[in-house]
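Student: So the chains spell out like this:
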Amino acid sequence: MLGIIAINLLTLAIASGLLYSAFVDDYRDNLIDIMQSKANLLSATSSSALLFNDNQAADNILASLAQYPAMRFAQIYDLDKAPFAQYSRAGQPVDFSLDTLQPGWFFSQENIYIFSLIQQDNDVLGYLLLSADTQSFRDRQQRYGRIVIWVFVLSLLLAYLLNWRLQKRMLAPITQLSKLVSYVAQKGEYNKRLVPGAADEIGNLITGVNSMLNTIEEHQKQLKDHNEQLEGVVELRTEQLFNRANYDALTQLPNRHLLTDRITHGIENARCGNSQLALMFLDLDRFKVINDSLGHAVGDQLLVKLAAELTQSVRKNDTVGRWGGDEFVILLEYVEDKDNIEKIAQKIIHDITQPFMVGGHQLHVSASIGVARYPQDGIDAANLLVHADTSMYKAKELGPGNCYFFTYAMLDDSIERLSLETQVRNATLNQEFTLFYQPKISLSQQSVVGLEALIRMKKGDQYLSPAAFLPVAEDVGLMPIINLWVLNEACQQNVAWRKAGLTIVPIAVNLPVSFFMDQQCVEHIRRALYEAGLAPEFLEVEITENTFMASTEQAVEVFRQLRELGVNVAIDDFGTGYSCLAYLKDLPICTLKIDGTFVTGLGEEGGNDGIVQTIITLGGGLGLELVAECVETQSQVNILTAMGCNVFQGYYFSPPLNATDTADYLSKPVLKLRRHPS
Amino acid sequence: MFTRLQYYPVWCALLIICCLIFSAKATSAEQVALSKENKIKAAYLLNFTKYIHWPAAQSLVSTPLHLCLASTVAFYDFMADIIARYNASGLNRHIQLEDVINAENCELTYLQHKVNPTLRQLRHSLLVLDSEAVGQPHNAITFYISHRKIRFSINIDVIDALNIRVSSELLKLARIEHNL
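Going line by line, the protein sequences match chains A and B. First residue of the first sequence? That's 1 in the working numbering, and the numbers climb one at a time after it. First residue of the second sequence? That's 1 in the working numbering, and the numbers climb one at a time after it.
Be aware that one or more of the hints could be misleading.
[Unchecked claim] Below, simulated DSSO-like cross-link-like pairs (lysine-lysine); rule was C-alpha separation at most 27 Å, straight line:
id : chain 1 : residue 1 : chain 2 : residue 2
1  : B       : 50        : B       : 149
2  : B       : 172       : A       : 81
3  : A       : 179       : A       : 168
4  : A       : 221       : B       : 114
5  : A       : 192       : A       : 224
6  : B       : 36        : B       : 114
7  : A       : 396       : A       : 338
8  : A       : 338       : A       : 288
9  : A       : 224       : A       : 168
10 : B       : 50        : A       : 38
11 : A       : 81        : B       : 114
12 : A       : 343       : A       : 305
13 : B       : 149       : B       : 114
14 : A       : 221       : A       : 179
15 : B       : 39        : A       : 81
16 : B       : 172       : A       : 38
17 : B       : 172       : B       : 36
18 : A       : 179       : A       : 224
19 : B       : 114       : B       : 50
20 : A       : 38        : A       : 81
21 : A       : 81        : B       : 149
[Unchecked claim] Just some of the chain A residues that point at chain B, by a computed CB distance under 10 Å:
id : residue
22 : 48
23 : 61
24 : 88
25 : 121
26 : 638
For the record, the hints were derived by calculation from the structure and aren't laboratory data. C-beta atoms are modelled at their ideal positions from N, C-alpha and C, and glycine is treated no differently.
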């Protein structure tokens with residue numbers, strides 16, 4: 001509105017100025033014309049007076065100017081510019097000299113002056129000077145000024161009224177549009193519409209806005225539906241994320257995160273309630289064997305069933321969570337004393353020893369449990385978890401299915417174990433292992449019929465036994481490297497002895513079940529033989545019952561390939577496992593090694609003579625060679641011989657020897673079938 | 001506004017008039033002897049031609065205006081001199097100066113003395129008398145002295161009878177007379 005008024009104001013001002021200027025100029029030109037006409041008339045009428053020197057007549061002519069009030073004076077001059085005739089209104093001086101004038105007109109001091117020549121037939125007869133005041137011109141200027149001002153003001157008022165009316169008429173729909181837009185912007189609702197009205201630009205605009213609102217409303221509706229859908233998805237995903245963040249995907253048990261929270265919360269409750277809390281760290285024994293032999297799918301199903309069993313075994317308010325792999329953590333709150341905890345632990349151990357049917361397999365598992373208590377063994381979740389874990393390892397050392405409570409003395413063992421881990425890593429890296437060889441003696445052949453390679457690790461001037469460091473190597477994942485090293489070293493040593501001129505015998509190498517789970521295991525053995533240049537019959541592989549128990553079909557296939565290759569397969573520590581005897585006849589093996597624990601008690605009351613006799617009878621019946629381990633006395637030799645066992649291995653004949661001593665042992669022409677002097 | 005070129009005719013006219021006056025003075029001893037009054041009358045006589053319009057047949061621009069004199073020789077010569085210059089400008093109707101006695105036809109006649117009124121050449125001539133003392137009848141214009149200025153009277157009736165038109169400009173300067 002102000003802009004329009006300003007434009008109108010400017011336009012009117014310019015128009016008024018031009019009008020005023022035109023009026024004034026017109027009047028001035030008219031005045032000049034009139035004066036010029038008067039001068040011409042006077043010139044014409046006074047020429048004869050000049051010609052006939054009749055100044056009286058000229059005066060009379062000029063006197064006629066008296067009727068014009070504005071006329072100030074008039075003068076006629078002859079050719080010599082001498083005054084010839086004159087008219088002057090009273091009080092009006094003749095204020096111009098002819099010498100300074102040029103024919104024409106000019107304004108000076110609010111007067112107009114006309115100076116013209118008096119001529120006849122192109123002859124100049126004299127001069128005429130007229131002067132009139134311009135009061136009428138000024139009056140007319142003022143009048144025109146007032147008129148213009150009035151016109152200007154009235155036009156402005158009219159323009160304002162018309163603009164106001166026009167603007168009101170034009171702005172009404174725009175105002176409605178503005179309110180609609182504000183409503184939409186503030187409320188976010190698109191249901192209102194405007195009536196288009198006239199079919200002009202504004203009407204088109206309203207129609208366009210209505211159409212736009214229709215589109216937006218439709219889009220909003222779609223967006224709302226989509227949002228609701230998305231919110232549902234987000235809610236679901238949030239729940240899934242929460243579950244994923246807090247629960248184990250496989251077992252649906254609380255995971256580490258939620259477990260830690262609950263432990264922390266439980267500790268807080270125990271602190272406030274001045275109660276006790278126990279944390280059990282449970283690890284399945286030999287779960288890796290099941291996983292590697294039967295596959296991860298079976299392992300996972302076992303874990304699911306185990307989780308359900310654990311949940312059933314504990315109290316309703318206790319928390320069972322999966323820490324990772326085959327490790328579970330059980331939080332027992334408000335426990336009374338150690339005995340109470342012990343009972344719960346034993347119940348758990350007992351419950352999970354019940355066989356699980358998984359994928360058509362009947363699986364027997366056991367677990368080792370480490371227990372740490374609040375506040376005795378730690379005051380925060382991290383400490384309790386570490387201490388329970390440490391206790392679990394201690395329980396494992398006691399054998400499968402044990403429970404052990406944390407003591408601070410264990411921390412020293414842990415440190416020692418950590419140190420041992422470092423030593424094993426360094427030994428593997430620097431090949432600081434060495435092989436000792438324990439002969440197998442055949443009394444019937446009166447000769448050494450084989451050697452068992454036994455690994456040792458150097459620790460200063462001493463050697464650590466495999467039982468001390470192999471579990472650590474297994475835990476830290478170094479066994480594949482150590483296995484290959486033992487295999488290659490045994491083959492190369494045997495070739496070295498042969499090249500030294502010794503009569504070589506098969507060297508038995510102990511390979512764990514994990515070795516045979518590797519699809520390349522036969523290839524590893526073939527390559528070791530090839531690279532060493534050793535005939536396959538001079539290599540024997542010793543396996544434990546667990547190897548074929550874990551994965552019978554795969555084990556049988558590997559053993560079959562080894563047999564085809566020419567490598568002997570022996571079952572070590574036979575009698576300690578749970579192997580199905582029916583499998584023995586189908587296994588492509590050639591040797592059974594009777595476990596030393598059975599041999600040690602032979603001939604003694606409460607011994608294992610019956611078991612040993614059964615094993616020997618079984619092996620003999622299957623056509624297998626029998627080897628008795630840990631033979632340390634002549635009595636044991638006699639009994640075993642009487643039972644039908646002819647091959648012996650033990651300190652009675654020889655302890656494990658280093659390579660040099662073994663070479664000496666093999667080089668003796670007549671074997672001394674006696675205990676080694678050392 | 002006027003430029004110098006525009007003023008050229010003015011200055012020329014002034015120069016001609018001055019020359020006429022000075023040359024008239026220097027022409028002869030007789031001219032010198034001519035009075036100022038006669039000179040003015042001579043000039044007035046010439047000016048009359050500008051305000052008087054003879055009938056169409058007589059006032060053709062192509063035909064000269066016959067000015068006849070019955071005057072002294074000095075006046076005649078003076079008149080002849082200014083007419084010669086007047087004619088020399090070529091801007092006006094040619095004036096032919098003649099002695100009234102010898103002229104065949106006079107359109108304007110100036111008489112310093114009375115002549116035979118029956119002269120054929122005076123039959124349609126506008127007569128200008130040097131003064132009332134000349135006593136020539138049918139005079140149209142007569143010089144007289146008033147307030148030491150030379151003035152003239154015009155007889156309207158004579159003018160009308162001659163079928164001659166006199167400019168109002170001239171009439172307003174003259175003393176108008178009628179036949180009684």
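Student: Indicate, hint by hint, whether the structure satisfies it.
Tutor: Going through the hints against the structure:
1. 50(B) to 149(B): With a Cα-Cα distance of about 21 Å, the restraint between residue 50(B) and residue 149(B) holds, given a limit of 27 Å.
2. 172(B) to 81(A): 24 Å, holds
3. 179(A) to 168(A): Holds: residue 179(A) and residue 168(A) sit about 15 Å apart, inside 27 Å.
4. 221(A) to 114(B): Not OK: residue 221(A) and residue 114(B) at ~133 Å, beyond 27 Å, violated.
5. 192(A) to 224(A): 18 Å, holds
6. 36(B) to 114(B): It holds: about 22 Å lies between the C-alpha atoms, which stays within 27 Å.
7. 396(A) to 338(A): 20 Å, holds
8. 338(A) to 288(A): Violated: residue 338(A) and residue 288(A) sit about 31 Å apart, past 27 Å.
9. 224(A) to 168(A): Between residue 224(A) and residue 168(A) the Cα gap is close to 39 Å, so the pair fails against 27 Å, i.e. violated.
10. 50(B) to 38(A): Between residue 50(B) and residue 38(A) the Cα gap is close to 23 Å, so the pair holds against 27 Å.
11. 81(A) to 114(B): 40 Å, violated
12. 343(A) to 305(A): 22 Å, holds
13. 149(B) to 114(B): 23 Å, holds
14. 221(A) to 179(A): Status holds; Cα separation ~23 Å.
15. 39(B) to 81(A): 22 Å, holds
16. 172(B) to 38(A): Since the Cα atoms of residue 172(B) and residue 38(A) sit roughly 19 Å apart, the hinted pair holds (cutoff 27 Å).
17. 172(B) to 36(B): At roughly 24 Å apart (the allowed maximum being 27 Å), residue 36(B) and residue 172(B) satisfy the hint.
18. 179(A) to 224(A): 25 Å, holds
19. 114(B) to 50(B): 25 Å, holds
20. 38(A) to 81(A): 20 Å, holds
21. 81(A) to 149(B): Satisfied, since the Cα-Cα distance of roughly 20 Å is no more than 27 Å.
22. 48: 4 Å, holds
23. 61: 9 Å, holds
24. 88: With a closest approach of 22 Å, the residue 88(A) hint is violated.
25. 121: 6 Å, holds
26. 638: 167 Å, violated
Checked against the numbered hints above, the structure violates hints 4, 8, 9, 11, 24, 26; every other hint is satisfied.
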